[in-house]
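Full structure from sequences and hints, please.
Chains as they are written, first to last, in the working numbering: chain A, 1 to 326; chain B, 1 to 326; chain C, 1 to 362; chain D, 1 to 362.
Since the hints were derived computationally from the structure, they do not count as laboratory data.
A couple of the hints might just be wrong.
Straight-line Cα separation of at most 25 angstroms, BS3-like style, residue types lysine-lysine; simulated pairs [claimed, not checked]:
| # | chain 1 | residue 1 | chain 2 | residue 2 |
| --- | --- | --- | --- | --- |
| 1 | B | K280 | A | K313 |
| 2 | C | K8 | D | K8 |
| 3 | C | K286 | C | K29 |
| 4 | B | K317 | B | K306 |
| 5 | D | K65 | D | K108 |
| 6 | B | K317 | C | K108 |
| 7 | D | K305 | D | K316 |
| 8 | B | K50 | D | K305 |
| 9 | C | K186 | A | K47 |
| 10 | C | K56 | C | K108 |
| 11 | C | K8 | C | K186 |
| 12 | B | K306 | B | K181 |
| 13 | B | K47 | D | K186 |
| 14 | B | K306 | C | K349 |
| 15 | D | K65 | D | K316 |
| 16 | C | K357 | A | K280 |
| 17 | A | K306 | A | K181 |
| 18 | C | K65 | B | K306 |
| 19 | D | K56 | D | K29 |
| 20 | B | K280 | D | K248 |
| 21 | D | K56 | D | K305 |
| 22 | B | K317 | A | K280 |
| 23 | A | K280 | C | K349 |
| 24 | A | K306 | A | K317 |
| 25 | C | K248 | C | K186 |
| 26 | C | K8 | C | K248 |
| 27 | D | K8 | D | K186 |
| 28 | C | K294 | C | K305 |
| 29 | D | K349 | B | K280 |
| 30 | A | K313 | D | K349 |
| 31 | D | K357 | A | K317 |
| 32 | C | K305 | C | K56 |
| 33 | D | K8 | C | K186 |
| 34 | A | K317 | D | K349 |
| 35 | B | K306 | C | K357 |
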Amino acid sequence: MAEVALVEAVTMALAWEMAHDDTVVVFGEDVGINGGVFRATAGLQEKFGKERVPDTPLAENMIAGMSVGMAAQGLKPVAEIQFMGFIYPVVDQMISHAGRMRTRTRGRLTCPMVLRAPYGGGIHAPEHHSESTEALFAHMPGIRVVIPSSPGRAYGLLLASIRDPDPVVFLEPKRIYRSYKEEVEDDGEELPLDMIYTLRDGTDITLVAWGAMIKETLEAGEELERQGVSAEVIDVATIYPLDMEGILESVERTGRCVIVHEAPRHCGVGAEIAAELAEKAFMHLLAPVRRVTGFDTVMPLFRMEKQYMPSTKRIVKTVLDVMAES
Amino acid sequence: MAEVALVEAVTMALAWEMAHDDTVVVFGEDVGINGGVFRATAGLQEKFGKERVPDTPLAENMIAGMSVGMAAQGLKPVAEIQFMGFIYPVVDQMISHAGRMRTRTRGRLTCPMVLRAPYGGGIHAPEHHSESTEALFAHMPGIRVVIPSSPGRAYGLLLASIRDPDPVVFLEPKRIYRSYKEEVEDDGEELPLDMIYTLRDGTDITLVAWGAMIKETLEAGEELERQGVSAEVIDVATIYPLDMEGILESVERTGRCVIVHEAPRHCGVGAEIAAELAEKAFMHLLAPVRRVTGFDTVMPLFRMEKQYMPSTKRIVKTVLDVMAES
Amino acid sequence: MSVTATFKIDYHQFLDENGEAHSDLPGGKLPAFADNPADLVPLYRLMVLTRLFDAKAIALQRTGKLGTYASSLGHEATHVGIGAAMREEDCLAPMYREYGAQFYRGVKMSDVLLYWGGDERGNDFSVPSHDFSWCVPIATQCLHAAGAAVAFKYLRQPRVAVTVVGDGGTSEGQFYEAMNLAGAWKLPVVFVVSNNQWAISVPRSAQSAAQTLAQKAIAAGIPGVQVDGNDLIAVRWAMEEALERARKGDGPSMIEALTYRLSDHTTADDATRYRENAEVEEARRKEPLSRTRKFLEAQGVWDAKQQEALEAECAKQVDAAVAEYENTPVQAPEAIFDYMFANMPESLKQQRDQHVKEMNDG
Amino acid sequence: MSVTATFKIDYHQFLDENGEAHSDLPGGKLPAFADNPADLVPLYRLMVLTRLFDAKAIALQRTGKLGTYASSLGHEATHVGIGAAMREEDCLAPMYREYGAQFYRGVKMSDVLLYWGGDERGNDFSVPSHDFSWCVPIATQCLHAAGAAVAFKYLRQPRVAVTVVGDGGTSEGQFYEAMNLAGAWKLPVVFVVSNNQWAISVPRSAQSAAQTLAQKAIAAGIPGVQVDGNDLIAVRWAMEEALERARKGDGPSMIEALTYRLSDHTTADDATRYRENAEVEEARRKEPLSRTRKFLEAQGVWDAKQQEALEAECAKQVDAAVAEYENTPVQAPEAIFDYMFANMPESLKQQRDQHVKEMNDG
Ligand SMILES: Cc1ncc(C[n+]2csc(CCOP(=O)(O)OP(=O)(O)O)c2C)c(N)n1
Ligand SMILES: Cc1ncc(C[n+]2csc(CCOP(=O)(O)OP(=O)(O)O)c2C)c(N)n1
Ligand SMILES: [Mg+2]
Ligand SMILES: [Mg+2]
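And the structure:
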């Protein structure tokens, strides 16, 4: 069993699935000899050849559109978009075709594709390199949006995403690509999609987060423990479809919820979760559901990006406010 | 004072502003001699010439990108996207540039552009012609999203949108383009953006809607009156930024809220409103906030589209459920 | 200064407007597939069927029995020429009016009616089961064809993807991106530009300063050629050349077929608003059916009696398709949900169950 | 069969790798702007400044004082050639490494440092106040230039928009859409393809089957030309031709400048992973500075002493810019919010006020 970082778990899952399924093809800008700008595809071209790991011309909409065509005709494309800030040209093909192919043709043609992209801020990157716009994809019918927050979940969820017969947007929290390693068995075992992962048990409040923000949220859980508040921490993992049963079960127990995400607040995925709670946990809520999120601004250039990112401190403070309100 | 339908009010506003501001240029696919596929630009090319009302080559991303360039260099582009189903190629230019130009350059360059598009279902149109994806734009920092629901508001809000120094996505509910006429004075008077419009006073529950769904929501208000429930009806009008003060004021009074929209439920704008209420109206809510929305599916082709669209009946039933819960 | 690259665009026509073979043919004769003119009769028959179907569909729309419909009037040679040149195992990624090509490949008239009648089942062709369905977002289908070609090449299948895009569609970046990819990767794909001179109300001249649309292939470094799109033989010939090239592994090509949209853009359009009748009349003189018929008659393989019989037979077939369409009951409420995912999410199941319940409760 | 259109792509070079004037010049001599070689000295000085600045910026990044930085090493002739040909009132829509062009137009070295140092104020050039700032999403700037050109044409201003895009960027649909619009509307805009042979790790040959990138102009029906991008005179000459054409109302054109990215893609890249040192060495022999210097020395307008003085002077200027950069305090917390809208929404005000409060509370 190997100790791997999140980005290495991605590579490991890609390699496993390529070795076991001939129809899996990995491609994108600079994924070949360069192994991807974050090295997520490092070594794959060497191992599987240029035809299975080709560099594409530089065009993201093209990458999405060709994936749709490949997926409809018997392949399992796993395409990389270099940064989420450059993913927007794919919106058209994803919403107009990827998410529709099955229902449009009553199941005659399908679209088993995965679009991978590193996302999120906090790595001192240039303009457009720190985006968190998962909510755009979560609003598209027919498309799963999956975000791992640990090496193990990166491995298992990516395998499940590739094997899923429908399109998946798989967003990788690049801030924690290499922040720590954990043991991950390279056994081809997938982890279930459409399901939350409870990372910390608690009784007073439920903290809901995903991606890199899991780090701050778990830290907040520790800090709150010290201050006498028992926080449950949930990794949503699949952003659409949401496992609302799982979240509700927790919130009904704790009676309180704070949702944490890096994306802008307005119409972020946190809004959907809070709205569902407002409807379905109404009788159980002891305090308002609050969100700790990015601002409704453009992510500032990196000199000030830390101010934009939800901090452990902001999470703790919000939780204490919520505790005080009930 | 003329009796005009909503689409005619759009034309009237465009003509007024073109007559009074030389920098306003109207363009898009088929907007010229054809006057737009819905006739929203009818007569403008004749009146203002080909240079001010040109047909563009067929490319939506191009329309958005050239608008950014025009707006940054002294013009006020008012571009039409033929249907919201074809708006997705603009996402890149809007999120990467239109919404960023001012903050990126610390105000040196700005982007006073308007992107108009008819949106919504219910007119028996072909595939891709019935989309309601306002939530995608509402999640983009720096961009206003405005939706009128009457001829008068179409006129006043479009004028305000063109005059606003920042980018506006102006979505026109095509199902009610010609469903009725009302008197609109062609006096160049704008209506305020960033503000709700209360269309019906009530004391028991607040119904929040926008666009064409205002019709069913008002009908539901009438029907509920007959059943002894006094419903306030709010037209949100500006989808981002939301006038949450206005909505909160009402919900704090009524203690109940149902939100209605045609777009898919998951991560729709209704989620943001419900989330805000869950946080800020917590102490005032007598019942869960419910949403009556489109399904999390692709809008079915038109033989079944009526089933998809929120009906007056579904709204009434939901309101009665909410009343029963408190 | 030196010249670093030179290019030319050829134009091909075999049959002129009167159905007479062009004097200046390559090798002095028609392509092999036209050696025996009787072999062209089935193609002509399909052109006639397509046109009669088209008229019927418009009539259905006018009487409220069909939704908006995109006519193929005037495009029959281009469309049937494409269909006839392709093999069954090839894959078509059409836009929204290539019925002639699709009928040749097995799509049923009732499929077309269902689709424009607002029923997804129109896209569920039993044959050709691997073809893409109609594609409304302009030019997006070009990338699907390129992707399909990636699959064929990767899977070592001797198949070719064919896509059709309009003159208007050549202004979309996706069209160019698809050709560029196809060129860079030498993909087995053929791009057909159906240049019918109009994109709704926008004339070809307003789309681009390029003298020909075929020259857009130069940007991708792939062969581009212009043909008379109302000449069945020219279209089929150019298609066969391109398909052969692709099948041999020599990569993609592009064909600009010059035709004319004799109808309104769709039944929702009124072309008299923006174009001169004289232009339409002029184009009508070049339309494909009469010239094909004249050619076949001159070759002695067709006559007025056969024409009459054909028209009667086509009318029957069309009526049968209409009956099939009209007798297709609406889908069950579940159908809105059931094809969204192979593994339906819990939340969607809940929406479905509630909806079905509400529909049943009336 | 007939030939319906023919095209050719010219290649221009005035100074060869050794700084010697090409034997086969149009009209037998250099362009007018080079009549007096001394006039080229300021351009050369700027090329040297740009290169020294570049080395300093990389050093700053290596020592943690700057973020990721995109080097312009090897592109100086292309960039300064562009800048020198433009008028003040023209408008540049750059990508992210055209410092030479931007310095010529008035952008300060400290602006560049601020931008890559993560501070928006780097985009707030006081001069040229109408130019676009750096553009990271590849090829999107092409449409801004086309839009700017629409504005200039509409406002009857004799101004031209200029945009620069990379060889990789020519694969993006936006590049093509912008050229196509410019052609169709005869816009005063010049597209420069800075073909430095690499798009990060992807070589030019993998981007497109097109033999030249200049021929992509043919798709848009606009003039396209290829020049030696390491030849300052060729770049400036082609730019002046194109600008003149545009200013006269004769529409857009495209210039492919052949150069080479001698550096890593950015400081975040390691080019040794994917390209051979031999190739880089070969390219280094053709780099622009030494050939310009040799030419000027041969013309008697430059010598080693001047060079030495220049380098000292540049070092001082660069140091001053670095000091200015390093002494720029971080913006106030409000700055995250204050430029989002002219009329700030209430909800954003609340977010701002809360954030400012939290920052003040520590
Ligand atoms: C991306 C996109 N934009 C706009 C439309 C609306 N629209 C439908 S057909 C059409 C014109 C297409 O013209 P052309 O490509 O020449 O094809 P034709 O209809 O003439 O066969 C337009 C603008 C669309 N379907 N898709
Ligand atoms: C739309 C988009 N996709 C991907 C990237 C990431 N990226 C940055 S530079 C680059 C390569 C650009 O190559 P080229 O256009 O040749 O310009 P060069 O950097 O060589 O000057 C890539 C892929 C980006 N910035 N924008
Ligand atoms: Mg056309
Ligand atoms: Mg390059």
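* Asked: Any of the earlier hints contradicted here, and which numbers?
  -> 6, 8, 19 and 20
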